[in-house]
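As they're listed, the protein sequences go chains X and B. 1 is the number of the first residue of the first sequence in this note's numbering; add one for each residue after it. 248 is the number of the first residue of the second sequence in this note's numbering; add one for each residue after it.
Worth double-checking, as some hints may not be accurate.
Among chain X residues calculated to face chain B with C-beta under 7 Å, some are [stated by the list, open to error]:
id, residue
1, Val74
2, Arg84
3, Met103
Read the hints as simulated data drawn from the structure, not as lab findings. A quick note: this is a predicted structure, and the numbers were derived from the prediction, not measured. Where is the CB? At the ideal position from N, CA and C, for every residue including glycine.
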Amino acid sequence: MTTPALEVRGLRKSYGGVTVTQDVSLTVMPGERRLIIGPNGAGKTTLFNQIAGEIIPDAGTIKVFGQDLTRQPVSARAHAGVGRTYQIITLFPRDTLLHNVAMAMLGVSRKRFEFFNSLKPQDALYQQAHDVLHSVGLSHCVGMKASEISYGEQRRVEIAMAMAQSPRLLLLDEPFAGLSHDERLIVRDLIASLPREVTIVMIEHDMDVALAFAEKILVLHYGQLIVEGDRETVVAHPRTREVYLGA
Amino acid sequence: MQRFSIGLLLITLAGLPLVAGEYFVNLGSQILIAAIFAASLNLLVGFAGLTSLGHASYLGLSAYFCAWLSSKMGLGHAVTAPAALLLTTVVGMVFGWIALRATGLGFLMLTLALSQIVWGLAYRWVSVTNGDNGISGLSRPSPFGIDLGVSNHFYWFALIATTLCVLLMARLIHSPYGASLRGTRDQHRRMSALGFNVWGIRWVAFVVASFFAAVAGLLYVYFHKYIHPSVMSVTVSAEALLSVIAGGAGTIMGPLLGALLVVVLKNYVSAFIERWNMLLGIVFLVIVIFMPAGIKPGIDALLGRLRRGQS
Numbered sequence: 001m002t003t004p005a006l007e008v009r010g011l012r013k014s015y016g017g018v019t020v021t022q023d024v025s026l027t028v029m030p031g032e033r034r035l036i037i038g039p040n041g042a043g044k045t046t047l048f049n050q051i052a053g054e055i056i057p058d059a060g061t062i063k064v065f066g067q068d069l070t071r072q073p074v075s076a077r078a079h080a081g082v083g084r085t086y087q088i089i090t091l092f093p094r095d096t097l098l099h100n101v102a103m104a105m106l107g108v109s110r111k112r113f114e115f116f117n118s119l120k121p122q123d124a125l126y127q128q129a130h131d132v133l134h135s136v137g138l139s140h141c142v143g144m145k146a147s148e149i150s151y152g153e154q155r156r157v158e159i160a161m162a163m164a165q166s167p168r169l170l171l172l173d174e175p176f177a178g179l180s181h182d183e184r185l186i187v188r189d190l191i192a193s194l195p196r197e198v199t200i201v202m203i204e205h206d207m208d209v210a211l212a213f214a215e216k217i218l219v220l221h222y223g224q225l226i227v228e229g230d231r232e233t234v235v236a237h238p239r240t241r242e243v244y245l246g247a
Numbered sequence: 248m249q250r251f252s253i254g255l256l257l258i259t260l261a262g263l264p265l266v267a268g269e270y271f272v273n274l275g276s277q278i279l280i281a282a283i284f285a286a287s288l289n290l291l292v293g294f295a296g297l298t299s300l301g302h303a304s305y306l307g308l309s310a311y312f313c314a315w316l317s318s319k320m321g322l323g324h325a326v327t328a329p330a331a332l333l334l335t336t337v338v339g340m341v342f343g344w345i346a347l348r349a350t351g352l353g354f355l356m357l358t359l360a361l362s363q364i365v366w367g368l369a370y371r372w373v374s375v376t377n378g379d380n381g382i383s384g385l386s387r388p389s390p391f392g393i394d395l396g397v398s399n400h401f402y403w404f405a406l407i408a409t410t411l412c413v414l415l416m417a418r419l420i421h422s423p424y425g426a427s428l429r430g431t432r433d434q435h436r437r438m439s440a441l442g443f444n445v446w447g448i449r450w451v452a453f454v455v456a457s458f459f460a461a462v463a464g465l466l467y468v469y470f471h472k473y474i475h476p477s478v479m480s481v482t483v484s485a486e487a488l489l490s491v492i493a494g495g496a497g498t499i500m501g502p503l504l505g506a507l508l509v510v511v512l513k514n515y516v517s518a519f520i521e522r523w524n525m526l527l528g529i530v531f532l533v534i535v536i537f538m539p540a541g542i543k544p545g546i547d548a549l550l551g552r553l554r555r556g557q558s
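Bound conformation, chain X alone (with noise of 0.2 Å):
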């Protein structure tokens, strides 16, 4: 049997009186495409953030490809082959892109314990960085600063510092949030075309752009998952309904 690529069991967070996630389980299978949607306040962000690492859970156990995580620092994450992107864009306002994904890729590298070697321009790091900028579509404005760009392009910039450092598991935080409709496409469409090796775990509150990127998707709402199955299964499911439409 393979080893998941992510294996959350039992995970339990409340604050005072609210509990934020309810005994949350759930399998990822290496190369899955998986979704979470909910409406907002289900819990998404805050279970995100115990998979990432900013929040410890009080209960449970969170693994990837088999590796206990679920108290280790956000730091060892990246370690352990988890790349994250954020819903509110964080980038390195006043570096260009290039410093921007070469930062990435040097947060898993040897490289960043060098005290006194310099960082140049025609490093090997600017140089990867440039091709990974490719990749995106952003080859023309490497050198312009992350604050400069349009909106659209720094959630692609957020993926391309996510994808250096090739990750094996990649968790995509709404990132088709405040985009308009013709970015969402070009989004959706990079995202698509990741390659297969790596896992996702997307979450997102507008269903109809996520929905085609997923086979399995689960339906949170009030810390719980409440609906599990595939695309068809999900929509017609009434608790769907309810929870979406509150009908």
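Fit chain B to the known structure of chain X by using the hints.
This is chain B only, laid out in the frame that chain X set:
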């Protein structure tokens, strides 16, 4: 081009004792010491985004370690200098570990509190520090038989030390580590997610900053041949912070210019105006209003505008 102008600047600075009298040479030495000190603080304030209000501790501790080891222990300069640097850096390791429990205002308050403890100790632990009397009767070393008691010699010695320190710090800033330090300043959350140990990166910056402040402290005690608790007061920390911010935090040259400004105002203008602090305040206000990022970035922007105007 850049190398050429740095070389030219160094030659000009080295030539100062040939044209200027002893008063200006001594003033130059003090500026150089303040420049190292401001540059070390800039590692924290400018590149790590951590505003410290207790940096004078390391300058003072290093000076006190040196003074105490030579006057009370009777050790020679070959031992006291490296020992003072080492001991101060170790204190920096511990203080950094404590102060970095927090960032932002919390960090500022912790550095202030720690520096107040050290300052209080210098005043009260009379058996070791001589309290308010300070430790006097110290000597300057004579490396390779060159007597640093001579003002010109000391100036050149300080110039070499400053050049080395600034080059080392610049090298550090341009290294992969320096890039990650700036990353923790701009996006610490992202840095963790990218696999960087944000706390470790900041702690290293704190320790390196305390080391270079210790170098400044060593030069300080050599220059004055005397040490008093007031060197560890908040005023000294604040003056350095002022130099960094006025000159341009997060630039290599900025804090050096800021240190020049503060020392010149303090030493030169105070001869004419009694309340030099007030003048410093006004100068600082003018800088903040007209060059909010500091002198160095302000001049760069001005030159850029002029160049564009010509073409």
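Now for the hints, and whether the structure bears them out:
Here the hint on X/Val74 is kept, as its CB sits about 4 Å from the closest CB of chain B, short of 7 Å. Taken as an interface hint, X/Arg84 checks out: its beta carbon lies about 6 Å from the nearest beta carbon of chain B, inside 7 Å. Hint on X/Met103 holds. Least Cβ distance to chain B is approximately 6 Å, under the 7 Å limit.
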